[in-house]
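*Asks:* Protein chains in written order, with the numbering used here: chain R, 105 to 597; chain E, 105 to 597.
If you're looking for bench data, these hints aren't it; they were derived computationally from the structure. Any given hint could turn out to be false.
Which copy is meant is left open, because identical chains are indistinguishable; a pair holds if it fits in one copy or across any two.
Said to hold, decoys possible - When the alpha-carbon atoms are kept at most 30 Å apart in a straight line, the in silico DSBU-like pairs for lysine-lysine are as follows: (1) K163 <-> K142; (2) K142 <-> K190; (3) K163 <-> K116; (4) K310 <-> K300; (5) K142 <-> K183; (6) K552 <-> K142; (7) K163 <-> K117; (8) K162 <-> K116; (9) K183 <-> K300; (10) K117 <-> K142; (11) K239 <-> K163; (12) K162 <-> K117; (13) K379 <-> K142; (14) K536 <-> K280; (15) K497 <-> K280; (16) K162 <-> K253; (17) K293 <-> K543; (18) K227 <-> K162; (19) K227 <-> K501.
Since the structure is predicted, the reported quantities are computational estimates derived from the model, not experimental observations.
Number of protein chains: 2
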Amino acid sequence: MNAYQQLEQHFKKYYDFENLAAIVSWDEASMMPAGGGKARAEALATLSAVQHDWLTDKKVGELIKQAKDIDSLSLWQQKNLYWMEKEYLQATCIPVNLVEEFTNESLICGQAWRELRAKNDWKSFKPYLEKLFQKVKTMAEIKSQTFNKPTLDVLIDEYSPGLDCKTITPIFNSLKHELAKLIPSIIEKQKTRQIKTLTGNFPVEKQKQLGMEIMTRLGFDFNHGRLDVSHHPFCGGISSDVRITTRYNEHEFLSSLMAITHETGHALYEQGLSKEWSTQPVGHSLGMAVHESQSLFIEMQICRSLEYIRFLVPIAQNYFRDVANITAENIFYHYTKVQPGLIRVDADEVTYPLHVILRYEIEEKLFSSEITVADLPEVWDSLMQNYLGLSTKGDDKNGVMQDVHWPSGIFGYFPAYTFGALIAAQLFSAVKKSIPDLKEQLQQGNFKTLLSWLRANIHQKGRLLTYTELLRQATGETLNPDYYFAHIKERYL
Amino acid sequence: MNAYQQLEQHFKKYYDFENLAAIVSWDEASMMPAGGGKARAEALATLSAVQHDWLTDKKVGELIKQAKDIDSLSLWQQKNLYWMEKEYLQATCIPVNLVEEFTNESLICGQAWRELRAKNDWKSFKPYLEKLFQKVKTMAEIKSQTFNKPTLDVLIDEYSPGLDCKTITPIFNSLKHELAKLIPSIIEKQKTRQIKTLTGNFPVEKQKQLGMEIMTRLGFDFNHGRLDVSHHPFCGGISSDVRITTRYNEHEFLSSLMAITHETGHALYEQGLSKEWSTQPVGHSLGMAVHESQSLFIEMQICRSLEYIRFLVPIAQNYFRDVANITAENIFYHYTKVQPGLIRVDADEVTYPLHVILRYEIEEKLFSSEITVADLPEVWDSLMQNYLGLSTKGDDKNGVMQDVHWPSGIFGYFPAYTFGALIAAQLFSAVKKSIPDLKEQLQQGNFKTLLSWLRANIHQKGRLLTYTELLRQATGETLNPDYYFAHIKERYL
Numbered sequence: 105m106n107a108y109q110q111l112e113q114h115f116k117k118y119y120d121f122e123n124l125a126a127i128v129s130w131d132e133a134s135m136m137p138a139g140g141g142k143a144r145a146e147a148l149a150t151l152s153a154v155q156h157d158w159l160t161d162k163k164v165g166e167l168i169k170q171a172k173d174i175d176s177l178s179l180w181q182q183k184n185l186y187w188m189e190k191e192y193l194q195a196t197c198i199p200v201n202l203v204e205e206f207t208n209e210s211l212i213c214g215q216a217w218r219e220l221r222a223k224n225d226w227k228s229f230k231p232y233l234e235k236l237f238q239k240v241k242t243m244a245e246i247k248s249q250t251f252n253k254p255t256l257d258v259l260i261d262e263y264s265p266g267l268d269c270k271t272i273t274p275i276f277n278s279l280k281h282e283l284a285k286l287i288p289s290i291i292e293k294q295k296t297r298q299i300k301t302l303t304g305n306f307p308v309e310k311q312k313q314l315g316m317e318i319m320t321r322l323g324f325d326f327n328h329g330r331l332d333v334s335h336h337p338f339c340g341g342i343s344s345d346v347r348i349t350t351r352y353n354e355h356e357f358l359s360s361l362m363a364i365t366h367e368t369g370h371a372l373y374e375q376g377l378s379k380e381w382s383t384q385p386v387g388h389s390l391g392m393a394v395h396e397s398q399s400l401f402i403e404m405q406i407c408r409s410l411e412y413i414r415f416l417v418p419i420a421q422n423y424f425r426d427v428a429n430i431t432a433e434n435i436f437y438h439y440t441k442v443q444p445g446l447i448r449v450d451a452d453e454v455t456y457p458l459h460v461i462l463r464y465e466i467e468e469k470l471f472s473s474e475i476t477v478a479d480l481p482e483v484w485d486s487l488m489q490n491y492l493g494l495s496t497k498g499d500d501k502n503g504v505m506q507d508v509h510w511p512s513g514i515f516g517y518f519p520a521y522t523f524g525a526l527i528a529a530q531l532f533s534a535v536k537k538s539i540p541d542l543k544e545q546l547q548q549g550n551f552k553t554l555l556s557w558l559r560a561n562i563h564q565k566g567r568l569l570t571y572t573e574l575l576r577q578a579t580g581e582t583l584n585p586d587y588y589f590a591h592i593k594e595r596y597l
Numbered sequence: 105m106n107a108y109q110q111l112e113q114h115f116k117k118y119y120d121f122e123n124l125a126a127i128v129s130w131d132e133a134s135m136m137p138a139g140g141g142k143a144r145a146e147a148l149a150t151l152s153a154v155q156h157d158w159l160t161d162k163k164v165g166e167l168i169k170q171a172k173d174i175d176s177l178s179l180w181q182q183k184n185l186y187w188m189e190k191e192y193l194q195a196t197c198i199p200v201n202l203v204e205e206f207t208n209e210s211l212i213c214g215q216a217w218r219e220l221r222a223k224n225d226w227k228s229f230k231p232y233l234e235k236l237f238q239k240v241k242t243m244a245e246i247k248s249q250t251f252n253k254p255t256l257d258v259l260i261d262e263y264s265p266g267l268d269c270k271t272i273t274p275i276f277n278s279l280k281h282e283l284a285k286l287i288p289s290i291i292e293k294q295k296t297r298q299i300k301t302l303t304g305n306f307p308v309e310k311q312k313q314l315g316m317e318i319m320t321r322l323g324f325d326f327n328h329g330r331l332d333v334s335h336h337p338f339c340g341g342i343s344s345d346v347r348i349t350t351r352y353n354e355h356e357f358l359s360s361l362m363a364i365t366h367e368t369g370h371a372l373y374e375q376g377l378s379k380e381w382s383t384q385p386v387g388h389s390l391g392m393a394v395h396e397s398q399s400l401f402i403e404m405q406i407c408r409s410l411e412y413i414r415f416l417v418p419i420a421q422n423y424f425r426d427v428a429n430i431t432a433e434n435i436f437y438h439y440t441k442v443q444p445g446l447i448r449v450d451a452d453e454v455t456y457p458l459h460v461i462l463r464y465e466i467e468e469k470l471f472s473s474e475i476t477v478a479d480l481p482e483v484w485d486s487l488m489q490n491y492l493g494l495s496t497k498g499d500d501k502n503g504v505m506q507d508v509h510w511p512s513g514i515f516g517y518f519p520a521y522t523f524g525a526l527i528a529a530q531l532f533s534a535v536k537k538s539i540p541d542l543k544e545q546l547q548q549g550n551f552k553t554l555l556s557w558l559r560a561n562i563h564q565k566g567r568l569l570t571y572t573e574l575l576r577q578a579t580g581e582t583l584n585p586d587y588y589f590a591h592i593k594e595r596y597l
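Only chain R is shown next, with the shape it has when bound in the complex (with noise of 0.2 Å):
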């Protein structure tokens, strides 16, 4: 066996630890019970380092420099090992007693969030966050220096490769432009509009039911997946397992069905990554930003528009028989309705990138250092007003202290969600142009020539392409918000 068959073999290895990570984290949303979480969170880190030992073994670091010497290596194969090594160096560059520091002020600081952000005690949590923040820094100063690259830019790159701050600034600039011009148009024309409540039961198991006939509908593979209940909805799983959650109020369908749809996009591209490489790094998803560009092409594009909701509503309508104003116009109301909030996860797809410019805004003055964690209510608060024009003065627990990424040490990665939003327009944009009868399919609730483009444009590819090269090849060019902002204008105007 060569250097780099050694290196399948290995990383092959790597996948099962993965694998046996995945399915017992998503166990630990949706099925523990709560005296099985002490000893979960034990089994996990020790799996944790285990993981982290088998990854950084010193025989890798010889056998890339060995493979990197074989001439006969297939495209696939030399991005294969271009991942192994970049996982490979984020994996070691950082000193282990670091990681430890890092995941231990993770936890911590996580708990203490859960608790002070109910009490909108910002005072209490902010020492937390310093604290927490202090590491995450140093370690992406280690990292910047290993891929010669800005701190933030390392960080964001870690979530979605290749994207940086050279191309996410000029975009949310034009961006926030856009949609302040926008917002003010689409909330007036709204105005006329006449939503009607939809009031009734809606029994948890009929919701289910509803949501595995979309789900499969839309192509989800149930002999390779299923549908289950957590707090927070998540994909998890492995691309042939593959894991939705969603949750239920029994005095509403529709926002659990649109959390369903959500992540069967997410879902679709799991389970539609290539067979052969599933086991590889170059075979995983390719980021972040791509993976969102998939949960919301299903979800902005496809199931928010008109013509599939013509086709959800007499699907709807035999769930929930007794109920009034289950009407295609009125279901695209509701599901349309924009309206500046405080709350980027409840924020409709107009203003939502509106939050996630502020929160990139903030973290590019954390780490140019302009700011510090003390200042982010303030700061928070003004560009609140200045972007949506609401205050979280004295309010940070809908303000600053509103997501979990931060606590748990993750920043660097609300910009995959807008820029999964802009990719997934212009996706949309370029397989209109590829189908032309598009929108009689999704009416008639035909998903299999979109899906079929997917699988083919984006899915099977993996990681092989970067990001910007994906987009080139299925949409003919490189990122472009145009098609965001034709997708606004056309929906919204």
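Following the hints, complete the assembly by docking chain E onto the known chain R.
*Replies:* Chain E only, in chain R's frame:
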């Protein structure tokens, strides 16, 4: 840290691996979509290899040697060291390649069994079982030298520590003798019973709610466990997160409910183990005979008693209001019907031991080379005719091919079932002496005093004592099958 403390740390992490394996195996049986099977099998094999490497680490042997010289160990610590060494020796005495060959052969034989049992094709199945049995025998011979015990004893001891043929054979002989006399009289006596069928619809959700209500009453802690569905009922997970399963039939509820109470017996044992020692070998359950004694205590001694059934009936009536004949007498008749049959898992508590004795005697003959695998169908049929008056000639599907044990390489397990039943009867007799109004308590659905007794006398002891000493301390004497005979006579004659 002294050598013993280092061992505790090492085995704490070994427990973390056991935890992961337990949860992922439960998931495989109860949650996993079929398409996840291939990746799952590979992930579990990798985990199993990591566990084996961890347990057989050279330093473990060294530390055990050093720890034996420490004078200050408590009784629990001494016993913990004993179990550490036993697990270490069991894992290290067999060459790794032989373990791998065995694992491989048992997977192949298990798959062949699933396919060929359905076809009643012993002839095609025989070579698989022969090959696997050779591996089992070779491994048992090595262990026989390591532990200085006869080959079959060494296998029995792995499942039920401390049990051996010298103990089993005379007890099984007296069981055969007594049951031969009892069974005809019981059947004769039951001829006058009029068992009324329970017809109606028994929706899964209602059966589950009833099951959970009964589990809660029996003392199952849902903060540390769950109830789900699998093809065969089992009890899995870990002591702080016990996962039991059952399967439902919408046409009747009695068998699923009884499976739930049986598994609840296993679960109460696990949930009652000492918290202080939960991550150490000495804190685990004592082995399969004692484990089975706990499930059979709940199933046979409690849940098939007329007193318990009187408590159950109004609750069950409340769930299935339209179903006639849910009366205490009728349910008792259903739950205590004695009838010789071909299938062990369907057998009643009176004929069940004969199924076990048959298998034990065949295992004895196999390991003493008195017979070979090729002789099994004939020997099986002949013993079946002797003990239960039924023939399996040409019906190997319901004869020698009925159990999953041998095709999985499991020999020496069966006596655990019947020793479990004998221990359960002896414990119940002791409990009755200790709690004079026990029968009234059962009838009122009050299981608290009973559970406290089991907790104090069995569960919390973990592996501190041998099963013989455990029984002696709990009941005042060592194993005595007379309690079982007395129980059978009291209930059935």
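*Asks:* Now look at each hint and say whether the structure bears it out.
*Replies:* Now for the hints, and whether the structure bears them out:
Within a single copy, K163 and K142 get their C-alpha atoms only as close as 34 Å, which misses the 30 Å cut-off; across copies the closest is 28 Å, which meets it. Taking identical chains as interchangeable, the C-alpha atoms of K142 and K190 lie at most 30 Å apart only when they sit on different chains, with a minimum of 28 Å there against 33 Å within one chain. Taking the closest pair of Cα atoms, K163 and K116 come within 30 Å of each other both inside a single copy (15 Å) and across two copies (28 Å). Taking the shortest alpha-carbon separations for K310 and K300, only the intra-copy value of 22 Å comes in at or below 30 Å, while the best inter-copy value is 36 Å.
Taking identical chains as interchangeable, the C-alpha atoms of K142 and K183 lie at most 30 Å apart only when they sit on different chains, with a minimum of 25 Å there against 39 Å within one chain. Taking CA atoms no more than 30 Å apart as the test, K552 paired with K142 passes between copies only; the shortest distance there is 27 Å, against 45 Å inside one copy. Taking the shortest alpha-carbon separations for K163 and K117, both the intra-copy value of 14 Å and the inter-copy value of 24 Å come in at or below 30 Å. Within a single copy, K162 and K116 get their C-alpha atoms as close as 17 Å, and across copies as close as 26 Å, so both meet the 30 Å cut-off.
Taking the closest pair of Cα atoms, K183 and K300 never come within 30 Å of each other, the shortest separation being 53 Å inside a single copy and 70 Å across copies. Both within a single protomer and between protomers do K117 and K142 lie at most 30 Å apart by alpha-carbon distance, with minima of 27 Å and 14 Å respectively. For the identical chains of this complex, K239 and K163 are intra-copy neighbours only, at 29 Å inside a copy versus 35 Å across copies, given an alpha-carbon limit of 30 Å. Both within a single protomer and between protomers do K162 and K117 lie at most 30 Å apart by alpha-carbon distance, with minima of 16 Å and 23 Å respectively.
In this assembly of identical chains, the alpha carbons of K379 and K142 lie at most 30 Å apart only when taken from different copies (12 Å versus 36 Å within one copy). When the C-alpha separation of K536 and K280 is checked against a cutoff of 30 Å, the pair qualifies only within one copy, where the shortest distance is 27 Å, while the shortest distance between copies is 78 Å. Taking the closest pair of Cα atoms, K497 and K280 come within 30 Å of each other only inside a single copy of the chain (22 Å); across copies the shortest separation is 83 Å, beyond that limit. Only within a single protomer do K162 and K253 lie at most 30 Å apart by alpha-carbon distance; the minimum there is 25 Å, versus 44 Å between protomers.
In this assembly of identical chains, K293 and K543 lie within 30 Å of each other by CA distance solely inside one copy; the values are 24 Å within and 75 Å between copies. In this assembly of identical chains, K227 and K162 lie within 30 Å of each other by CA distance neither inside one copy nor across copies; the values are 45 Å within and 52 Å between. For the identical chains of this complex, K227 and K501 are intra-copy neighbours only, at 12 Å inside a copy versus 71 Å across copies, given an alpha-carbon limit of 30 Å.
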